[in-house]
Amino acid sequence: MQIEFHVAPLFAIARVSGELDLSSAEKFRSLIDQELRRSGVPNVVVNLRNLSFIDSTGLGVLLGRHKTVKSWGGKFILTDIPPKIVSMLEMAGLMRVLETARTEGDAIRLIESCRYANREEASTNE
Amino acid sequence: MQIEFHVAPLFAIARVSGELDLSSAEKFRSLIDQELRRSGVPNVVVNLRNLSFIDSTGLGVLLGRHKTVKSWGGKFILTDIPPKIVSMLEMAGLMRVLETARTEGDAIRLIESCRYANREEASTNE
Amino acid sequence: MSNHVLIRFPNVSSNVSVARVAAATFASFREFSISDIEEVKVAVSEAVSNAVLHAYPDSQGMIEVLLENRNDGIQITVKDFGKGIEDIDKARQPGFTTMPEHMGLGFTFMESFMDELHIESQPGSGTTVRMVKKA
Amino acid sequence: MSNHVLIRFPNVSSNVSVARVAAATFASFREFSISDIEEVKVAVSEAVSNAVLHAYPDSQGMIEVLLENRNDGIQITVKDFGKGIEDIDKARQPGFTTMPEHMGLGFTFMESFMDELHIESQPGSGTTVRMVKKA
Ligand SMILES: Nc1ncnc2c1ncn2[C@@H]1O[C@H](COP(=O)(O)OP(=O)(O)O)[C@@H](O)[C@H]1O
Ligand SMILES: Nc1ncnc2c1ncn2[C@@H]1O[C@H](COP(=O)(O)OP(=O)(O)O)[C@@H](O)[C@H]1O
Chain P
0 MQIEFHVAPL FAIARVSGEL DLSSAEKFRS LIDQELRRSG VPNVVVNLRN LSFIDSTGLG
60 VLLGRHKTVK SWGGKFILTD IPPKIVSMLE MAGLMRVLET ARTEGDAIRL IESCRYANRE
120 EASTNE
Chain V
0 MQIEFHVAPL FAIARVSGEL DLSSAEKFRS LIDQELRRSG VPNVVVNLRN LSFIDSTGLG
60 VLLGRHKTVK SWGGKFILTD IPPKIVSMLE MAGLMRVLET ARTEGDAIRL IESCRYANRE
120 EASTNE
Chain H
0 MSNHVLIRFP NVSSNVSVAR VAAATFASFR EFSISDIEEV KVAVSEAVSN AVLHAYPDSQ
60 GMIEVLLENR NDGIQITVKD FGKGIEDIDK ARQPGFTTMP EHMGLGFTFM ESFMDELHIE
120 SQPGSGTTVR MVKKA
Chain B
0 MSNHVLIRFP NVSSNVSVAR VAAATFASFR EFSISDIEEV KVAVSEAVSN AVLHAYPDSQ
60 GMIEVLLENR NDGIQITVKD FGKGIEDIDK ARQPGFTTMP EHMGLGFTFM ESFMDELHIE
120 SQPGSGTTVR MVKKA
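Chains as they are written, first to last, in numbering that gives the first Met the number 0: chain P, 0 to 125; chain V, 0 to 125; chain H, 0 to 134; chain B, 0 to 134.
Since the hints were made in silico from the structure, they are not lab data.
The beta carbon of each residue, even a glycine, is placed where N, CA and C say it ideally should be.
Please note that the accuracy of each hint is not assured.
Said to hold, decoys possible - Below, a list of computed lysine to aspartate or glutamate pairs in the DMTMM-like style, where the Cα atoms sit at most 20 Å apart:
id : chain 1 : residue 1 : chain 2 : residue 2
1  : V       : 83        : V       : 111
2  : V       : 83        : B       : 38
3  : H       : 89        : H       : 71
4  : B       : 82        : B       : 115
5  : V       : 83        : B       : 37
6  : V       : 83        : B       : 57
7  : P       : 69        : H       : 110
8  : P       : 74        : H       : 30
9  : P       : 83        : P       : 32
10 : V       : 26        : V       : 89
11 : P       : 83        : H       : 37
12 : P       : 83        : P       : 34
13 : B       : 133       : B       : 57
14 : P       : 26        : H       : 30
15 : B       : 78        : B       : 30
16 : P       : 83        : H       : 110
17 : V       : 66        : B       : 100
18 : V       : 26        : H       : 115
19 : H       : 78        : H       : 30
20 : B       : 133       : B       : 100
21 : P       : 66        : H       : 100
22 : P       : 83        : H       : 86
23 : V       : 83        : V       : 32
24 : P       : 83        : H       : 71
25 : V       : 83        : B       : 110
26 : V       : 69        : B       : 37
27 : V       : 83        : V       : 34
28 : B       : 89        : B       : 57
29 : V       : 74        : V       : 98
30 : P       : 26        : B       : 110
31 : V       : 26        : B       : 35
32 : V       : 74        : B       : 100
What the hints assert, rightly or not - Here are a few chain V residues that face chain B, going by a calculated C-beta distance under 7 Å:
id : residue
33 : 0
34 : 7
35 : 20
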C-alpha cells in the first residue's frame, strides 16, 4: 500500500494504491494522521482508484480514519471507488456511514460548499 | 498465461498475457501448435505486450516454438516486447536468434515482404 | 490433480499478504472466475488476520495455511495453536469483535465468500478454520 | 524483523508460480526496488523449476522453500530430497542442461540476479539452493 499526497489550503488529497489489509493498516493510519498534522488541513479526499484489495481490517481502518477526521472537525471523503471496493463497503454497511463522491472534483466542491455554508452560519451567528 | 488468437490468411497473431514459466510452458506450446495446425497458416506474430513475467523455462519455450515454426517453413516473430522481457532475452542471447519487430504492423510487413521476395524467387526460378 | 501447498509462518502481519497471494495463485490454476479468486483472497485474508490478531495476544506463535485441490474446487485450512475461541456461535455473529477499530465481519465475509466454512476451536490449544470454494 | 515463511509442496509445476508470488510478496515488505523484486522472482522461479523438473524424475517428491528476513535483506532456500547433482561446477556452467528445450541458464540467472548463491547437493539425497538478496 502506498499513498501519494497533494495538499491544498483547505484539504489534502490522498491517492491510495495497492492493498489495504492488516499488513498495511498501521501504515495507512499513521500516514494519514501525520499528513493532517503536518499540513494542518482539516479535510481529506481519499482517492481509491488504484486500491486493488480491501478486507474487513482495511474497512475498519477507513471507518476509524473517518471518525477521527470528523472528530477533528473535518471531512473524510472517499472518491473514485472501484466497483469491487464498493461492494465490500456495501457488505459492511459502510456506504451509508462514510462520505463518498464520484471524483476528486466532486469531493472538493462538497468541501468548498460546506465551507461557505459554515461561513454563512458563522456570519448569521455574529 | 492466456493467448488470444487473431487469424489472417498469411499469419496468426498470438497476443500473450500473464506469466510464461514452467506452469504455463506446456499450455503455450500446445496452444500455438494447435492454432497453426487448425488455421493452416505458416507464420505467427507473438505480441508480448501483456507478458508480465518470463524465466529461463519460458525463454526455452519461445526458442522451441521459433525452431518448430521455422522448420515448418514459417516465421515466428515477437513484437511489443516489454523492456523487462527484452533484458531477459538479451541475457539469454536470444535477441540475435529470435526474430523481433517493434509492432504487429512491422511484423506483418516483414511477413508480406518475404512472401513477395519468395514469389519473385519462385518466378525467377521458373 | 491431487496438489497441495502448506505454508507455515509466525504471527507477523505482513504474512497475511503472503498467504493471500499464494492462495490466489493456487486457485488461479482451477476453473475459477476472477471474482471467485477475489473472494478467496478476502476469505484467506480474514482467516489469517484473525490468527495473527487474536490467537496469540502479546506472544509469538505459528500459523499454518494448507491449500488443497479437491475434485470440485479447493479447500483452504488456516490453523493456529493459540488461545482458541470460547463461544464460536457468538464469534460468528456479524459485528461481534473483541478488538477496537475492527469490524467483527471476518467470519461473515468468510461465510459469504466461500461455499463451506467449518470452525473448530479448543480454548487454550488453538483454532482451525476450514473453507471450501467450489469451482 | 525476524520473520520467515516456510512453504512445502509436491513437484507439481503450478507450484512454481505459487512459490514465486509468495517470495515476491515477502520481499515487498523490505526496501527493495521493483526491479530487485523482479530479480527475486526470476531466481525463485529458476530454483523451484529445477527442483520440480530435475529432482524427482518420474516420481512424486516434496520441495521446501524457506523465506527469511536478514538484517541486510532476505535469504531464500529451496530444498528437495531428490536425486541430487553429480557435478555442481558443471551444472552451474551457462548453457549446461540435461533436459531438451531447456536453456541451461537456471543457475546463471540465480547467480546474476541474487547477491549470493550457495548450492549443496548429495547424489541420492537431494539439493539445497540458498540465495541472498541484499536490500
Ligand atoms: N484464530 C482465532 N483465535 C482466537 N480468537 C479468534 C480467532 N478468530 C476469531 N476470534 C474471535 O472471534 C471474534 C470475531 O472474529 P471476526 O468475525 O473475524 O471479527 P474481527 O476479527 O473483526 O474481530 C474476534 O474478535 C475474536 O475474539
Ligand atoms: N534440484 C536439482 N536436482 C537435480 N538436478 C538438478 C537440480 N537443479 C539443477 N540440476 C541439474 O543441473 C542442470 C543445470 O541446471 P540449470 O542451470 O538450472 O539449467 P536447466 O534447468 O535449464 O537445465 C540441470 O539440467 C540438471 O541436470
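Verification of the hints:
About 29 Å separates the Cα atoms of residue 83 of chain V and residue 111 of chain V, which puts this hinted pair outside 20 Å; it is violated. In summary, the hint linking residue 83 of chain V to residue 38 of chain B is supported, as the alpha carbons are separated by about 10 Å, within the 20 Å threshold. Among the hinted pairs, residue 89 of chain H with residue 71 of chain H is inconsistent with the structure: their alpha-carbon atoms are about 31 Å apart, more than 20 Å. For a cut-off of 20 Å, the pair hint linking residue 82 of chain B to residue 115 of chain B is broken: about 24 Å separates their Cα positions.
Distance restraint check for residue 83 of chain V and residue 37 of chain B: the Cα-Cα separation of roughly 9 Å lies within the 20 Å cut-off, and the hinted pair is therefore satisfied. Proposed proximity of residue 83 of chain V and residue 57 of chain B is contradicted: the alpha carbons are some 34 Å apart, above 20 Å. Of the pairs offered as hints, the one joining residue 69 of chain P and residue 110 of chain H is violated, with about 32 Å between alpha carbons and a cut-off of 20 Å exceeded. Between residue 74 of chain P and residue 30 of chain H the alpha-carbon distance is near 43 Å, which puts this suggested pair outside the 20 Å criterion.
Taking the CA atoms of residue 83 of chain P and residue 32 of chain P, the gap is near 26 Å; set against the 20 Å cutoff, the hint is violated. For a cut-off of 20 Å, the pair hint linking residue 26 of chain V to residue 89 of chain V is broken: about 24 Å separates their Cα positions. Proximity of residue 83 of chain P to residue 37 of chain H is assessed by CA-CA distance (about 9 Å); at most 20 Å being required, the pair is judged to hold. At most 20 Å may separate the alpha-carbon atoms for a hinted pair to count; residue 83 of chain P and residue 34 of chain P exceed this at roughly 27 Å.
Simply put, residue 133 of chain B and residue 57 of chain B have alpha-carbon atoms about 37 Å apart, too far for the 20 Å limit, and the pair is violated. Distance hint between residue 26 of chain P and residue 30 of chain H is unfulfilled; the C-alpha atoms sit about 35 Å from each other, more than 20 Å. A threshold of 20 Å between alpha carbons decides the hint, and for residue 78 of chain B with residue 30 of chain B the separation of about 26 Å lies outside it, so the pair is violated. The hinted pair formed by residue 83 of chain P and residue 110 of chain H meets the criterion: a straight-line CA distance of about 18 Å does not exceed 20 Å.
As the CA atoms of residue 66 of chain V and residue 100 of chain B are separated by approximately 10 Å, the hinted pair is consistent with the 20 Å bound. Using a Cα cut-off of 20 Å, the hinted pair residue 26 of chain V and residue 115 of chain H is violated, with the two alpha carbons roughly 31 Å apart. About 26 Å separates the Cα atoms of residue 78 of chain H and residue 30 of chain H, which puts this hinted pair outside 20 Å; it is violated. At roughly 32 Å between alpha-carbon atoms, residue 133 of chain B and residue 100 of chain B are farther apart than 20 Å, so this suggested pair is violated.
Under the criterion of a C-alpha separation no larger than 20 Å, the hint pairing residue 66 of chain P with residue 100 of chain H is consistent with the structure, at around 10 Å. For the hint pairing residue 83 of chain P with residue 86 of chain H, the CA-to-CA distance comes to about 32 Å; that exceeds 20 Å, so the pair is violated. For the given pair, residue 83 of chain V sits about 26 Å from residue 32 of chain V by alpha-carbon distance, which is inconsistent with the 20 Å threshold. For a cut-off of 20 Å, the pair hint linking residue 83 of chain P to residue 71 of chain H is broken: about 26 Å separates their Cα positions.
Taking the CA atoms of residue 83 of chain V and residue 110 of chain B, the gap is about 18 Å. The hint holds against a cut of 20 Å. Restraint check for residue 69 of chain V and residue 37 of chain B: not satisfied, since their Cα atoms lie roughly 31 Å apart, outside the 20 Å limit. Straight-line distance between C-alpha atoms of residue 83 of chain V and residue 34 of chain V comes to about 27 Å, which puts the hinted pair past the 20 Å bound. Only pairs whose Cα atoms come within 20 Å are accepted, and residue 89 of chain B paired with residue 57 of chain B is rejected, the gap being roughly 23 Å.
Among the hinted pairs, residue 74 of chain V with residue 98 of chain V is consistent with the structure: their alpha-carbon atoms are about 8 Å apart, no more than 20 Å. Taken as a hint, the residue 26 of chain P and residue 110 of chain B pair is broken in the structure, with Cα atoms around 34 Å apart against an allowance of 20 Å. Taking the CA atoms of residue 26 of chain V and residue 35 of chain B, the gap is about 28 Å. The hint is violated against a cut of 20 Å. Proposed proximity of residue 74 of chain V and residue 100 of chain B is supported: the alpha carbons are some 19 Å apart, at most 20 Å.
For residue 0 of chain V, the shortest C-beta to C-beta distance to chain B is roughly 10 Å, which exceeds 7 Å, and the interface hint is violated. Here the hint on residue 7 of chain V is broken, as its CB sits about 28 Å from the closest CB of chain B, past 7 Å. The restraint placing residue 20 of chain V at the interface with chain B holds, with a minimum CB-CB distance near 5 Å, inside the 7 Å limit.
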